[in-house]
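Q: Here are the chains, one letter per residue:
Number of protein chains: 2
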Amino acid sequence: MAQITLQDLAYELNISVSTVSKALKGYPDVSEKTRKLVIELADKLNFSPNVVASNLRTQHTKIIGVIVPTIVHHFFSNVIGGIINEAEKNGYMVILLQSNEDFEMEKKQLNLLVQQQVDGILISLTVETKNFEHLERIQQRGIPLVMYDKVAKAIDCSKVIIDDKKASYDAVSYLIRKGYKRIAYFGGSMVALNFSNRFLGYKQALEEYRIPFDDSLVYICDTSDEYNDGYNNASELIKKHGIIGVDAAFAVTDVIAVGITKYFNTHNISIPKDVAVFGFSNWFMSSVVTPPLSTVNQPGYEMGKKSIEILLKEIAQSKDKKEIVHERIVLPTTLEIRQST
Amino acid sequence: MAQITLQDLAYELNISVSTVSKALKGYPDVSEKTRKLVIELADKLNFSPNVVASNLRTQHTKIIGVIVPTIVHHFFSNVIGGIINEAEKNGYMVILLQSNEDFEMEKKQLNLLVQQQVDGILISLTVETKNFEHLERIQQRGIPLVMYDKVAKAIDCSKVIIDDKKASYDAVSYLIRKGYKRIAYFGGSMVALNFSNRFLGYKQALEEYRIPFDDSLVYICDTSDEYNDGYNNASELIKKHGIIGVDAAFAVTDVIAVGITKYFNTHNISIPKDVAVFGFSNWFMSSVVTPPLSTVNQPGYEMGKKSIEILLKEIAQSKDKKEIVHERIVLPTTLEIRQST
Chain A
1 MAQITLQDLA YELNISVSTV SKALKGYPDV SEKTRKLVIE LADKLNFSPN
51 VVASNLRTQH TKIIGVIVPT IVHHFFSNVI GGIINEAEKN GYMVILLQSN
101 EDFEMEKKQL NLLVQQQVDG ILISLTVETK NFEHLERIQQ RGIPLVMYDK
151 VAKAIDCSKV IIDDKKASYD AVSYLIRKGY KRIAYFGGSM VALNFSNRFL
201 GYKQALEEYR IPFDDSLVYI CDTSDEYNDG YNNASELIKK HGIIGVDAAF
251 AVTDVIAVGI TKYFNTHNIS IPKDVAVFGF SNWFMSSVVT PPLSTVNQPG
301 YEMGKKSIEI LLKEIAQSKD KKEIVHERIV LPTTLEIRQS T
Chain B
1 MAQITLQDLA YELNISVSTV SKALKGYPDV SEKTRKLVIE LADKLNFSPN
51 VVASNLRTQH TKIIGVIVPT IVHHFFSNVI GGIINEAEKN GYMVILLQSN
101 EDFEMEKKQL NLLVQQQVDG ILISLTVETK NFEHLERIQQ RGIPLVMYDK
151 VAKAIDCSKV IIDDKKASYD AVSYLIRKGY KRIAYFGGSM VALNFSNRFL
201 GYKQALEEYR IPFDDSLVYI CDTSDEYNDG YNNASELIKK HGIIGVDAAF
251 AVTDVIAVGI TKYFNTHNIS IPKDVAVFGF SNWFMSSVVT PPLSTVNQPG
301 YEMGKKSIEI LLKEIAQSKD KKEIVHERIV LPTTLEIRQS T
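For the record, the sequence lines run as chains A and B. Under UniProt numbering, the letters of the first sequence match residues 1 to 341, in that order. Under UniProt numbering, the letters of the second sequence match residues 1 to 341, in that order.
Simulated from the structure, these hints should not be mistaken for lab results. All values reported here derive from a predicted model rather than from experimental measurement. Honestly, I wouldn't trust all of these hints.
For chains that are exact copies, the list does not tell them apart, and a pair is met inside one copy or across any two.
Pairs of lysine-lysine residues, derived as DSSO-like cross-links and limited to a Cα-Cα distance of at most 27 Å, are as follows [what the hints assert, rightly or not]:
| id | residue 1 | residue 2 |
| --- | --- | --- |
| 1 | 89 | 130 |
| 2 | 89 | 107 |
| 3 | 108 | 89 |
| 4 | 239 | 89 |
| 5 | 321 | 159 |
| 6 | 159 | 319 |
| 7 | 62 | 108 |
| 8 | 273 | 159 |
| 9 | 107 | 62 |
| 10 | 181 | 130 |
| 11 | 108 | 22 |
| 12 | 22 | 153 |
| 13 | 108 | 44 |
| 14 | 321 | 181 |
| 15 | 239 | 166 |
| 16 | 313 | 273 |
Here chain A stands alone, though its shape is the one from the complex (with noise of 0.2 Å):
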């Protein structure tokens, strides 16, 4: 039988690793109860305390494991790139699995990354994930875990974001300074950290600029088809509000923008002048399109870049049985403006 470790007791147990350690210390802030279980365990586990160091994982495979919720989206193929280059240099190889937005695929990855070894996780959230006991199993086993874009709050962990209510704001408060009242929002599930506070930023600069609220200029479109949920959005919003109702449209993504984009151009809109379009992420196609896309510099290969430095920092201080400060990065956003606003 393979040695028992700390962090096998802390699974089983389904507490930390710290207050394993401590029990088996007798640590004065460990509850009795927690000690008496913890040291049944130990002991009917033949575990010993004298090969700590040993009980540390040190099996090094020199592989990263990336989760992430979609492959075939420029941003995530940005962060991709930003973590394989890094990793490359660093000597690390990256297996890479897309949890395709389904939580329980998630789930399932996570035990498979623990299966093969991986040294160290990176992954961004699917938009269904709402519980996280799946991430505290991977702490509790003691691998270094880094969250990139969409993160959990509840997770004691280093994340690298953006602070996507300040990019929404940002952009949505230039369209308001530019004259623009009549503010359509193109978002993504609600459920998702990310996409809910960038409706949030969009509330918050109508509030301030004391436009309005209209929750009929508000449409979510589905992240595994943006572009055509872009293109029938906007058609839906043309069919409500005519030209008149509606002076500009703000999507959460570019690839969303160019659906509505596309409608646009397609039934005799002009852009900008009957209606503006704002993207969000700089897609290099969203500088090609006709006319070229107004939009968020979201920078995603540096948010691959940082989350996998993070990453390796943590391997290595979990190897020499360092202390691990946990971060959270907020990288900043810049509009990008073009001829859409």
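Once you've looked at the hints, dock chain B against the given chain A.
A: Coordinates of chain B only, in the frame set by chain A:
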């Protein structure tokens, strides 16, 4: 020590599993020299032929390894989509590795997949891959291997491809029949079989219609920067030949074609009136740009789906110790004609 398998003997001697098997069974079509080598090694390693059944690779992880040259490309993301969806239906998980068009990385990643004990491997080769020993080693280990898109003629395995030469020939013939005579070719690295075949198709069409081949109309674009290379080479093309000296541009990917389109659109060159543009792959953006691009329908999703269907079949055949008959699937391509020609 783990039980020695037929695969281990084959790997050590750098010969096929079937040769090892035949040598041990005393088949006459194995040379005496080979037979001796096999028997000596089997003896030395305590190989036991009475447990042939258990010597076949029996560990099944229900994991497939997929190597793609690049993920940040719509064609490959469609292929991955086809693979992943079909894998899921069959209860398999997919480990994705991006070789980044780097031959050394491709080799390392194949080793990684062997380490990770995947049940089978799908691979599209890098544009640099000129020798194939690393693939032979995989086969010697008895691991089912299927190639897609960029394949190696020298390796006997199942392959799923398109007829690159015919697809290119069809596109260029179409242009010629429409009256275009000075057709520029925007291609990819000639090391890659699929790109060199597309070039042959271009030349074949010119030849058949008795249009002189002019190598000053040929440009090679880097796969890692297709959009910009398309744009910049279009600029070179016009500098060298002027609008008079060229009437059509055929590009081996839509991303290149979009780069060409952007250059023409921003330099008062009318498409198709001054220069027609024809792309390849039918990326969704090819129908979105102005004017919408004519292109070759390249069945990415079906290629992924078919590749893994064959791989799963071969994994099952291998498990049941049935003979594996390799397939060579050539998926049909059609032309999508739009306003750019």
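Q: Against this structure, judge whether each hint is valid.
A: These are the hints, each one checked on the structure:
no., hint, verdict
1, 89 with 130, "between (35 Å within a copy, 24 Å between copies)"
2, 89 with 107, "between (29 Å within a copy, 17 Å between copies)"
3, 108 with 89, "between (29 Å within a copy, 14 Å between copies)"
4, 239 with 89, "neither (53 Å within a copy, 40 Å between copies)"
5, 321 with 159, "within (21 Å within a copy, 48 Å between copies)"
6, 159 with 319, "within (20 Å within a copy, 43 Å between copies)"
7, 62 with 108, "both (21 Å within a copy, 12 Å between copies)"
8, 273 with 159, "neither (41 Å within a copy, 52 Å between copies)"
9, 107 with 62, "both (22 Å within a copy, 16 Å between copies)"
10, 181 with 130, "neither (35 Å within a copy, 60 Å between copies)"
11, 108 with 22, "neither (31 Å within a copy, 42 Å between copies)"
12, 22 with 153, "within (26 Å within a copy, 61 Å between copies)"
13, 108 with 44, "neither (29 Å within a copy, 42 Å between copies)"
14, 321 with 181, "neither (56 Å within a copy, 70 Å between copies)"
15, 239 with 166, "neither (31 Å within a copy, 45 Å between copies)"
16, 313 with 273, "neither (50 Å within a copy, 57 Å between copies)"
In this structure, the hints that do not hold are numbers 4, 8, 10, 11, 13, 14, 15, 16, in rising order.
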